[in-house]
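Protein sequence lines, in the order shown, are assigned to chains B and U.
For the first sequence, the residue numbers in numbering that gives the first Met the number 0 are 0 to 395.
For the second sequence, the residue numbers in numbering that gives the first Met the number 0 are 0 to 395.
You may find that some hints are simply not true.
Said to hold, decoys possible - Ranges between beta-carbon positions, derived for each pair: (1) Val27(U) <-> Arg232(B): 29 to 37 Å; (2) Ser361(B) <-> Glu171(U): 27 to 35 Å; (3) Gly151(B) <-> Val129(U): 51 to 59 Å; (4) Pro378(B) <-> Gly242(U): 49 to 57 Å; (5) Asp351(U) <-> Glu113(B): 56 to 64 Å; (6) Thr327(U) <-> Ser174(B): 33 to 41 Å.
To be verified - Partial list, derived from the structure: chain B residues whose beta carbon lies under 8 Å from chain U: (7) Leu29; (8) Leu33; (9) Pro48; (10) Pro49; (11) Val75; (12) Ser156; (13) Ala161; (14) Thr168; (15) Gly191; (16) Leu194; (17) Gly197; (18) Gly268; (19) Asp272; (20) Leu364.
FYI, nobody ran anything at the bench for these hints, they're computed from the structure.
Just so you know, these numbers come straight off a predicted model, no measurement behind them.
Just so you know, even glycine gets a beta-carbon here, dropped at the ideal spot from N, CA and C.
Number of protein chains: 2
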Amino acid sequence: MPRTPVAEHEARVRALLSDLSTRASEVVALADALGRVTASDVVSPIPLPPFRNSQMDGFAVLSSDVVAVPVDLPLVGEIAAAPGMPAPLMAGTVVRIMTGAPVPEGADAVVPVEDTHVSGSTVSIARGRVSGEYVREIGSDLPAGAVVIPAGVRLASRHLGALAASGLTSVEVTSPVRVAVISTGSELVEAGEPLGPGQIPDSNGVALAAAVRAVGAFVIAEGRVTDVAERFRAVLDAAVDAGAELVLTSGGISEGEYEVVRETLEPLGAHVDVLAMQPGGPQATASYRGVPVVCFPGNPVSSQLSFLIFVEPVLRALAGLAPAVRTTGVLDRALTSQPGRRQFLRGVRLPDGRVAPHGGSSSHLVATLAAADVLLVIPEDVTSLDAGAAVEVWDL
Amino acid sequence: MPRTPVAEHEARVRALLSDLSTRASEVVALADALGRVTASDVVSPIPLPPFRNSQMDGFAVLSSDVVAVPVDLPLVGEIAAAPGMPAPLMAGTVVRIMTGAPVPEGADAVVPVEDTHVSGSTVSIARGRVSGEYVREIGSDLPAGAVVIPAGVRLASRHLGALAASGLTSVEVTSPVRVAVISTGSELVEAGEPLGPGQIPDSNGVALAAAVRAVGAFVIAEGRVTDVAERFRAVLDAAVDAGAELVLTSGGISEGEYEVVRETLEPLGAHVDVLAMQPGGPQATASYRGVPVVCFPGNPVSSQLSFLIFVEPVLRALAGLAPAVRTTGVLDRALTSQPGRRQFLRGVRLPDGRVAPHGGSSSHLVATLAAADVLLVIPEDVTSLDAGAAVEVWDL
Numbered sequence: 000m001p002r003t004p005v006a007e008h009e010a011r012v013r014a015l016l017s018d019l020s021t022r023a024s025e026v027v028a029l030a031d032a033l034g035r036v037t038a039s040d041v042v043s044p045i046p047l048p049p050f051r052n053s054q055m056d057g058f059a060v061l062s063s064d065v066v067a068v069p070v071d072l073p074l075v076g077e078i079a080a081a082p083g084m085p086a087p088l089m090a091g092t093v094v095r096i097m098t099g100a101p102v103p104e105g106a107d108a109v110v111p112v113e114d115t116h117v118s119g120s121t122v123s124i125a126r127g128r129v130s131g132e133y134v135r136e137i138g139s140d141l142p143a144g145a146v147v148i149p150a151g152v153r154l155a156s157r158h159l160g161a162l163a164a165s166g167l168t169s170v171e172v173t174s175p176v177r178v179a180v181i182s183t184g185s186e187l188v189e190a191g192e193p194l195g196p197g198q199i200p201d202s203n204g205v206a207l208a209a210a211v212r213a214v215g216a217f218v219i220a221e222g223r224v225t226d227v228a229e230r231f232r233a234v235l236d237a238a239v240d241a242g243a244e245l246v247l248t249s250g251g252i253s254e255g256e257y258e259v260v261r262e263t264l265e266p267l268g269a270h271v272d273v274l275a276m277q278p279g280g281p282q283a284t285a286s287y288r289g290v291p292v293v294c295f296p297g298n299p300v301s302s303q304l305s306f307l308i309f310v311e312p313v314l315r316a317l318a319g320l321a322p323a324v325r326t327t328g329v330l331d332r333a334l335t336s337q338p339g340r341r342q343f344l345r346g347v348r349l350p351d352g353r354v355a356p357h358g359g360s361s362s363h364l365v366a367t368l369a370a371a372d373v374l375l376v377i378p379e380d381v382t383s384l385d386a387g388a389a390v391e392v393w394d395l
Numbered sequence: 000m001p002r003t004p005v006a007e008h009e010a011r012v013r014a015l016l017s018d019l020s021t022r023a024s025e026v027v028a029l030a031d032a033l034g035r036v037t038a039s040d041v042v043s044p045i046p047l048p049p050f051r052n053s054q055m056d057g058f059a060v061l062s063s064d065v066v067a068v069p070v071d072l073p074l075v076g077e078i079a080a081a082p083g084m085p086a087p088l089m090a091g092t093v094v095r096i097m098t099g100a101p102v103p104e105g106a107d108a109v110v111p112v113e114d115t116h117v118s119g120s121t122v123s124i125a126r127g128r129v130s131g132e133y134v135r136e137i138g139s140d141l142p143a144g145a146v147v148i149p150a151g152v153r154l155a156s157r158h159l160g161a162l163a164a165s166g167l168t169s170v171e172v173t174s175p176v177r178v179a180v181i182s183t184g185s186e187l188v189e190a191g192e193p194l195g196p197g198q199i200p201d202s203n204g205v206a207l208a209a210a211v212r213a214v215g216a217f218v219i220a221e222g223r224v225t226d227v228a229e230r231f232r233a234v235l236d237a238a239v240d241a242g243a244e245l246v247l248t249s250g251g252i253s254e255g256e257y258e259v260v261r262e263t264l265e266p267l268g269a270h271v272d273v274l275a276m277q278p279g280g281p282q283a284t285a286s287y288r289g290v291p292v293v294c295f296p297g298n299p300v301s302s303q304l305s306f307l308i309f310v311e312p313v314l315r316a317l318a319g320l321a322p323a324v325r326t327t328g329v330l331d332r333a334l335t336s337q338p339g340r341r342q343f344l345r346g347v348r349l350p351d352g353r354v355a356p357h358g359g360s361s362s363h364l365v366a367t368l369a370a371a372d373v374l375l376v377i378p379e380d381v382t383s384l385d386a387g388a389a390v391e392v393w394d395l
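Using the sequences plus the hints, can you model the full thing?
See below:
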């Protein structure tokens, strides 16, 4: 049976998830907004800075008084960075002023303290300043009513600082994608439960839920079911009822017996494929009660890498995250690859900067995957690579 | 006055914070462990896989029965991936077996279904398999008692998957650094409060707290005080009493009047400096009741960049995060720089991949900082750069 190209399934998942880009929004406090994505342009209700203030510790002057220097001028007061509006400056006088303090009406420049000498109530000014020097004008950073943070920005600390400087305390952000994660397999028990013969702890649910959270989405439900269609369907219904916008399943989609996901969803129109890739051949997409379902194989390495390849890029974009880092590395050894399969080999970066495959390619090697720090991607038409060859590297 | 080299202050902060590397630890559920750092080597109590199982859907055989092929063998049963221990395989027979199902005693290989043909209760095998083929041996991924995740690993989804596969439900991780953030300045009001003349919203506290959280530390206290020594001291005491391991302050450390941080901490041995950098000249370090205090200037851009330059690298390392990305870019235009100052210019990446300064260099431009996506770092001894010159770029 000819296998489906990876790119074809990639496009199918992307199309299935395209509706997710229409996001609801919610208003959150700035303290809770780190890493969230602005749902709309945020406008500053005030100008930044909100009043004309001094850029330096020094003396507020009328610039025409300091054209001819040196000049001695009487010191008539002091303005701190503190509440209150200072009295206007009389021409021919100066006031001491602190950084950030309001520049008084009548003054149009600040002479930094290092260009002055104070003796009693007289300030000797050694260097003149032109109008506007060391004065921060109202709105010189941002006028009132201007956009301080545009829509679609993933909020980092500097964005939250600008929102706070605008006097805002909350911000409208897109709601995270609500994802349900369902592990299938009669052999699975919840981690921590005693293992009987033939049983293994469910690791797919834990890994997929964490991978979902790591890219800013929200795990609204986690389920684990045996290979019984009614059980699976009940968990699917519960996920949809809980408001899941995307369901991820692992297991139950290959061509053996007891393939509960396939048996349930194929009659409902699921598209089930065997992809030209290793690991992760069997894959499916479906829609259940209008909710997109992306179905991964049950082997732990397969399900984790399938998420990374097909779903993570979509969720990253929705969370305003930059695409994952994909570079080219240099192989430290020769390797061979099965023709007609895109291979995703677990690998490590070596101290010399080269990359090497790590462990075997079998898809049950979950501890080996944990110890890897990169994936090496070998194209379908490449069957061998020499030591020193360039290879596509995905950072994990 | 000669200014202190940036590297000297950097080293002073690093030394001040060196005790933070001795971290307490806590045990958290796997669902809460994403992004946390393992405090100790984690050992798997079980072998991975925990029992010998099939890598394929196919037929479990005794390999010596399939040396001469084709061969017809009687099908005597079926083993699903489900609880229970299968009966031993009699030589000269085969059982159907699913991926992940236990390989019965007596069998030592699995023949994939695609190399077989079933007719009634007879399986024709077209291709032989040697002992061990398509059988996943107990512990072939990891033996029982071996380290599944070493100490010091920042837990990603694949690590949590391996811990769950080991039957674990929780993991010992280092406690996050407990940081207090204190903004000083009589001109500050809490964001959202009405602004009187001479007042601005406190943005430093919001931005620094978010920057602390963004690198995995914990904000244990946030405070904002006027330029009154007793108030500042009370907030410092409260932060230490709350268990802060690190205090960050903004404002109050330059040479003007009303410098509350300097006035309070210098008599207690604070080291106050003016650094050869722009923005962010005034900086200080102190120890208060045994707790390290790093003091930033009050201008919003200065305080945010000072955190990024001096404190963030230390917190990143403690959180197991990779160092921030620092690369070399190509300037799209000429620029000049003040001699004897390391300049940190806000900049943007242009569509053609070059970088350009963005907005002015004044340290009140908080909206301009928010709109920047890189910093351009100009060394102390460089006074001009041509268009096309290489420049150090820090991604924000």
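Hint check:
1. Val27(U) <-> Arg232(B): 29 to 37 Å: Holds - the Cβ-Cβ distance for Val27(U) and Arg232(B), about 34 Å, lies within 29 to 37 Å.
2. Ser361(B) <-> Glu171(U): 27 to 35 Å: Since the Cβ atoms of Ser361(B) and Glu171(U) sit about 30 Å apart, the hinted range of 27 to 35 Å holds.
3. Gly151(B) <-> Val129(U): 51 to 59 Å: Since Gly151(B) and Val129(U) have Cβ atoms about 57 Å apart, the given range 51 to 59 Å holds.
4. Pro378(B) <-> Gly242(U): 49 to 57 Å: This hint holds: roughly 54 Å between Cβ atoms.
5. Asp351(U) <-> Glu113(B): 56 to 64 Å: Roughly 41 Å apart at Cβ, these two residues miss the hinted range, so it is violated.
6. Thr327(U) <-> Ser174(B): 33 to 41 Å: 39 Å, holds
7. Leu29: Constraint on Leu29(B) satisfied, holds at 5 Å.
8. Leu33: Interface hint status for Leu33(B): holds (5 Å vs cutoff 8 Å).
9. Pro48: The hint holds - Pro48(B) has a Cβ within 8 Å of chain U, the shortest such distance being about 6 Å.
10. Pro49: This hint holds: Pro49(B) lies near chain U, its Cβ roughly 6 Å from the closest one there, short of 8 Å.
11. Val75: 16 Å, violated
12. Ser156: Holds. Min distance 4 Å.
13. Ala161: 4 Å, holds
14. Thr168: Given a least distance of 4 Å, the restraint on Thr168(B) holds.
15. Gly191: Hint holds; Gly191(B) Cβ to chain U Cβ min 4 Å, cut 8 Å.
16. Leu194: OK, holds: Leu194(B) within 8 Å of chain U, min 6 Å.
17. Gly197: 5 Å, holds
18. Gly268: 24 Å, violated
19. Asp272: 16 Å, violated
20. Leu364: It holds, given that the least Cβ distance between Leu364(B) and chain U is near 5 Å, below 8 Å.
Of the numbered hints given earlier, the model fails hints 5, 11, 18 and 19; all others are met.
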